[in-house]
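Asks: Residues per chain are reported as follows:
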Amino acid sequence: MVSFVTEKKQNLNLLSRIASGDGHGENSSYFDGWKAYEENPFHPIDRPDGVIQMGLAENQLCGDVMRKWVLKHPEASICTEQGLNGFSDIAIFQDYHGLPEFRQAVAKFMEKTRNNRVKFDPDRIVMSGGATGAHETVAFCLANPGDGFLVPTPYYPGFDRDLRWRTGVNLVPVTCHSSDGFKITVEALEAAYEKARESNIPVKGLLMTNPSNPLGTTLDRECLKSLVKFTNEKKIHLIADEIYAATTFGQSEFISVAEVIEEIEDCNRDLIHIVYSLSKDMGLPGFRVGIVYSYNDRVVQIARKMSSFGLVSSQTQHLIAKMLSDEDFVDEFIRESKLRLAARHAELTTGLDGLGIGWLKAEAGLFLWMDLRNLLKTATFDSETELWRVIIHQVKLNVSPGGSFHCHEPGWFRVCFANMDHKTMETALERIRVFTSQLEEETKPMASTTMMAKKKKKCWQSNLRLSFNDKRRFDDGFFSPHSPVPPSPLVRAQT
Amino acid sequence: MVLLSRKATCNSHGQDSSYFLGWEEYEKNPYDVIKNPQGIIQMGLAENQLCFDLLESWLEQNQDAACFKQDGQSIFRELALFQDYHGLSSFKNALADFMSENRGNRVSFDSNNLVLTAGATSANETLMFCLADPGDAFLIPTPYYPGFDRDLKWRTGVEIVPIQCSSTNGFQITKLALEEAYEQAKKLDLNVKGILITNPSNPLGTTTTRTELNILFDFISKHKNIHLVSDEIYSGTVFNSSEFVSVMEILKNNKLENTDVFNRVHIVYSLSKDLGLPGFRVGAIYSNDKDVISAATKMSSFGLVSSQTQYLLSSLLSDKKFTKNYLRENQNRLKNRQRKLVSGLEAIGIKCLDESNAGLFCWVDMRHLLGSKTFDAEMDLWKKIVYQVKLNISPGSSCHCVEPGWFRVCFANMSEETLKLALKRLKKFVDDETSKRSCQKSESQRLKGSRKKKITNISNWVFRLSFQDREADER
Numbered sequence: 001m002v003s004f005v006t007e008k009k010q011n012l013n014l015l016s017r018i019a020s021g022d023g024h025g026e027n028s029s030y031f032d033g034w035k036a037y038e039e040n041p042f043h044p045i046d047r048p049d050g051v052i053q054m055g056l057a058e059n060q061l062c063g064d065v066m067r068k069w070v071l072k073h074p075e076a077s078i079c080t081e082q083g084l085n086g087f088s089d090i091a092i093f094q095d096y097h098g099l100p101e102f103r104q105a106v107a108k109f110m111e112k113t114r115n116n117r118v119k120f121d122p123d124r125i126v127m128s129g130g131a132t133g134a135h136e137t138v139a140f141c142l143a144n145p146g147d148g149f150l151v152p153t154p155y156y157p158g159f160d161r162d163l164r165w166r167t168g169v170n171l172v173p174v175t176c177h178s179s180d181g182f183k184i185t186v187e188a189l190e191a192a193y194e195k196a197r198e199s200n201i202p203v204k205g206l207l208m209t210n211p212s213n214p215l216g217t218t219l220d221r222e223c224l225k226s227l228v229k230f231t232n233e234k235k236i237h238l239i240a241d242e243i244y245a246a247t248t249f250g251q252s253e254f255i256s257v258a259e260v261i262e263e264i265e266d267c268n269r270d271l272i273h274i275v276y277s278l279s280k281d282m283g284l285p286g287f288r289v290g291i292v293y294s295y296n297d298r299v300v301q302i303a304r305k306m307s308s309f310g311l312v313s314s315q316t317q318h319l320i321a322k323m324l325s326d327e328d329f330v331d332e333f334i335r336e337s338k339l340r341l342a343a344r345h346a347e348l349t350t351g352l353d354g355l356g357i358g359w360l361k362a363e364a365g366l367f368l369w370m371d372l373r374n375l376l377k378t379a380t381f382d383s384e385t386e387l388w389r390v391i392i393h394q395v396k397l398n399v400s401p402g403g404s405f406h407c408h409e410p411g412w413f414r415v416c417f418a419n420m421d422h423k424t425m426e427t428a429l430e431r432i433r434v435f436t437s438q439l440e441e442e443t444k445p446m447a448s449t450t451m452m453a454k455k456k457k458k459c460w461q462s463n464l465r466l467s468f469n470d471k472r473r474f475d476d477g478f479f480s481p482h483s484p485v486p487p488s489p490l491v492r493a494q495t
Numbered sequence: 001m002v003l004l005s006r007k008a009t010c011n012s013h014g015q016d017s018s019y020f021l022g023w024e025e026y027e028k029n030p031y032d033v034i035k036n037p038q039g040i041i042q043m044g045l046a047e048n049q050l051c052f053d054l055l056e057s058w059l060e061q062n063q064d065a066a067c068f069k070q071d072g073q074s075i076f077r078e079l080a081l082f083q084d085y086h087g088l089s090s091f092k093n094a095l096a097d098f099m100s101e102n103r104g105n106r107v108s109f110d111s112n113n114l115v116l117t118a119g120a121t122s123a124n125e126t127l128m129f130c131l132a133d134p135g136d137a138f139l140i141p142t143p144y145y146p147g148f149d150r151d152l153k154w155r156t157g158v159e160i161v162p163i164q165c166s167s168t169n170g171f172q173i174t175k176l177a178l179e180e181a182y183e184q185a186k187k188l189d190l191n192v193k194g195i196l197i198t199n200p201s202n203p204l205g206t207t208t209t210r211t212e213l214n215i216l217f218d219f220i221s222k223h224k225n226i227h228l229v230s231d232e233i234y235s236g237t238v239f240n241s242s243e244f245v246s247v248m249e250i251l252k253n254n255k256l257e258n259t260d261v262f263n264r265v266h267i268v269y270s271l272s273k274d275l276g277l278p279g280f281r282v283g284a285i286y287s288n289d290k291d292v293i294s295a296a297t298k299m300s301s302f303g304l305v306s307s308q309t310q311y312l313l314s315s316l317l318s319d320k321k322f323t324k325n326y327l328r329e330n331q332n333r334l335k336n337r338q339r340k341l342v343s344g345l346e347a348i349g350i351k352c353l354d355e356s357n358a359g360l361f362c363w364v365d366m367r368h369l370l371g372s373k374t375f376d377a378e379m380d381l382w383k384k385i386v387y388q389v390k391l392n393i394s395p396g397s398s399c400h401c402v403e404p405g406w407f408r409v410c411f412a413n414m415s416e417e418t419l420k421l422a423l424k425r426l427k428k429f430v431d432d433e434t435s436k437r438s439c440q441k442s443e444s445q446r447l448k449g450s451r452k453k454k455i456t457n458i459s460n461w462v463f464r465l466s467f468q469d470r471e472a473d474e475r
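Quick mapping for you: the protein sequence lines, in order, are chains A and B.
Using UniProt numbering, read the first sequence as starting at 1 and increasing by one per residue.
Using UniProt numbering, read the second sequence as starting at 1 and increasing by one per residue.
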């Protein structure tokens, strides 16, 4: 017995604390949805009863525009006949400054996505392994193990891993409420700051995502100014994740923190940093183009040295440089993307309106923040989880429950809409319609129903037990956007 | 004053070392045969530029792969969306096969045990995060690649304790040196988590011998908490593959598959050296321990390989005819180029490390050119070589060598003409130095003689001496 314990302890000691712990965040029970999708993915022809993926925030609506450009510009590849003479220079290029034309093109693109109201300096563009790598790098630069970042809730679950796992940094939630549209108030910021202080967590910065994931809202000028002022006063950093900058549609306009700092007198710019990526705006998550843009020279310097751990492939830098320098293409792409996002969003919201399902008013992002509070048995997260399991297993939609985003109130769900075609959206809406009408049936008085109705249980109150025969696959984890995700139906339908 | 993290304000990124300073000098005044023929020739960069023609001709003949096409259809969209941290399976399979081929197919690799990372830089750091806690130590034989100081220590908080190797036995790892390093770590109150070797070695340009590998395996068999990481990034640069013994081979030949040692041996690989594609950021970790694979896979999110690059390389490496020919040609060209450097240096009276049979560089013995057997003298010599001779080579001290006077000189990142020019410049320098020394020697002998004479007017004597001295120089 003793030797078994010793051996097990020895095995545990073989890996680091970081590797043997749960900091990667993938052991959460929220992966049930992904697993269900993985086991039975929807396909309009092969699997019409499969689970529809609405938990993946990907922008797949303009792939055709992109592909057309790529086919038309073989010189953008260093491998085609037209581009081959550049092959060896690019293949050996591992300078962590990145290709100058890449940085210039990205800076220009960032300007365009902010309606050309600000200028970005290509020399401040630092590469990283996607926004995932960018966030970790920023945390390494700005905070020591044990320090904390304030993060308004609800927030992207990946932050728990990206900002904390290997860095040892803490995340301190800034609670936002539906009563005021989840606005980030100074009161909430002060309360969180104080709480951190009481817990002996030195606060080093505030991280906000604008446009917001999962809310889809953008911050107005006043709010942005208040965030800059708050962080400046406290002498803490402000990190703006602007990964969804170009996904605004409709009336709302995206205001970048870059714009706001120009309007604030005596703003300490050494505290201002932007995280960006081409994964959402351009729909290119596979190419791993992450950017750290800091107004602090020392941070630029250090982040650049750290970028050695996650440089963008020079082959990709070359392609992106060519693509984003084609201003006509970029303008067309952004315009088309916004139109299509608006249309798909409208389709979903019109459908939900017709069913009396509420959603947070927002005009950005690749998702909707859906309000199902009135469907909860009790206003608890247990009830939310129960409802969620029903949505996955009976309605067969993989949506993301608010609890996984650290939302303060149960009953909210994030529903992605930009990773599917029109027909799939129709199917999803039809399933929701069927589900809500079943619920209506169940709430009718017993006397007026038939015997069949008597036997019907409230579907979302059934004791649904999830059975996972394959524990290994569960442990492998599915939550990370980098976990094995079979091609979305949109893509599969095309191939 | 804005507060940044300790990592941001310290110097652990290691970039203040002379290794990087030489690079900076080169950047300011780079040699170009037409535009800047007097510029500094870069011999501090371990890059393989000898086989681009083979890659380019493959691309010309395989345009589908080059244009994101599969069976004539564009798969751009699928690639653009592919961010699965398990990697493209066709690429991992091809990579696993390529790694086997590099080892003469004496061992086989399972693609499920491969984790893709953004270059070996990321692979090494990720392994440290997986195997060691902050304050733990890894033992590394000196001299070693200067980048390890950043890659292994900076953000991980891991310490490096050197295993001191010396020229007395060609810088091979000895049991004594290993044990001394282990004791030293204990004295410093550091918990040793592993040993990291580079095989073939950077900067030595030699393959690790079976004897050395057996010493290492004996050690980790005895110390059951210690890992062995073998950075085999130069495996394809061995001039004769039969001379390369991978740690995987030792596991197989010594039948260690069912022992605990099996799970504690890990390989780091990359396509930056063998294929000459450092810009593409293709690195890999290979381990038989599923927990290491699981943790490293999740960590690879911080530095995945671009799907565009994975797809191109999966086609390239799946072409077995190409890989067979490439590996052979690469080895031959490297061998020939190395021989040219070695013989060129010999003609100047400079020796390279014996038995060097791999790598993109030579470990060169310039101890006889030092003013004194000190690292200060090594720095003086290095500065002369960079600023006067205009060659950027890497001083041994930047590689943590215990003996001054050794330099790493790269040969695979330039044309043959450039190499000849570099040798010519070096010859001139050595000739000048030699004649300076013989002048100084005869001068000091003269000084000894004149002191014996009775001299009343010291200033006259000094004047006469210096006049004679000048005359001697003009000759």
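Any given hint might turn out to be false.
If you want a taste of the chain A side facing chain B, the calculated C-beta under 10 Å gives, among others [said to hold, decoys possible]: (1) I78; (2) R166; (3) N170; (4) G310; (5) L311.
These are calculated hints, taken from the structure and not from any lab test.
For each residue, glycine too, the CB sits at the ideal point set by N, CA and C.
Asks: Hint by hint, note whether the structure agrees.
Replies: Quick rundown of the hints versus the structure:
1. The closest approach between the C-beta of I78 of chain A and any C-beta of chain B is roughly 8 Å, which is under the 10 Å cut-off, so the hint is satisfied.
2. Among the interface hints, the one on R166 of chain A holds; its C-beta lies about 5 Å from the nearest C-beta in chain B, closer than the 10 Å criterion.
3. The beta carbon of N170 of chain A is not positioned within 10 Å of any beta carbon in chain B (closest approach about 14 Å), and the interface hint is therefore violated.
4. Satisfaction of the interface hint for G310 of chain A is found here, the shortest Cβ-Cβ separation to chain B being roughly 4 Å, below the 10 Å cut-off.
5. Among the interface hints, the one on L311 of chain A holds; its C-beta lies about 5 Å from the nearest C-beta in chain B, closer than the 10 Å criterion.
Checked against the numbered hints above, the structure breaks only hint 3 and satisfies the rest.
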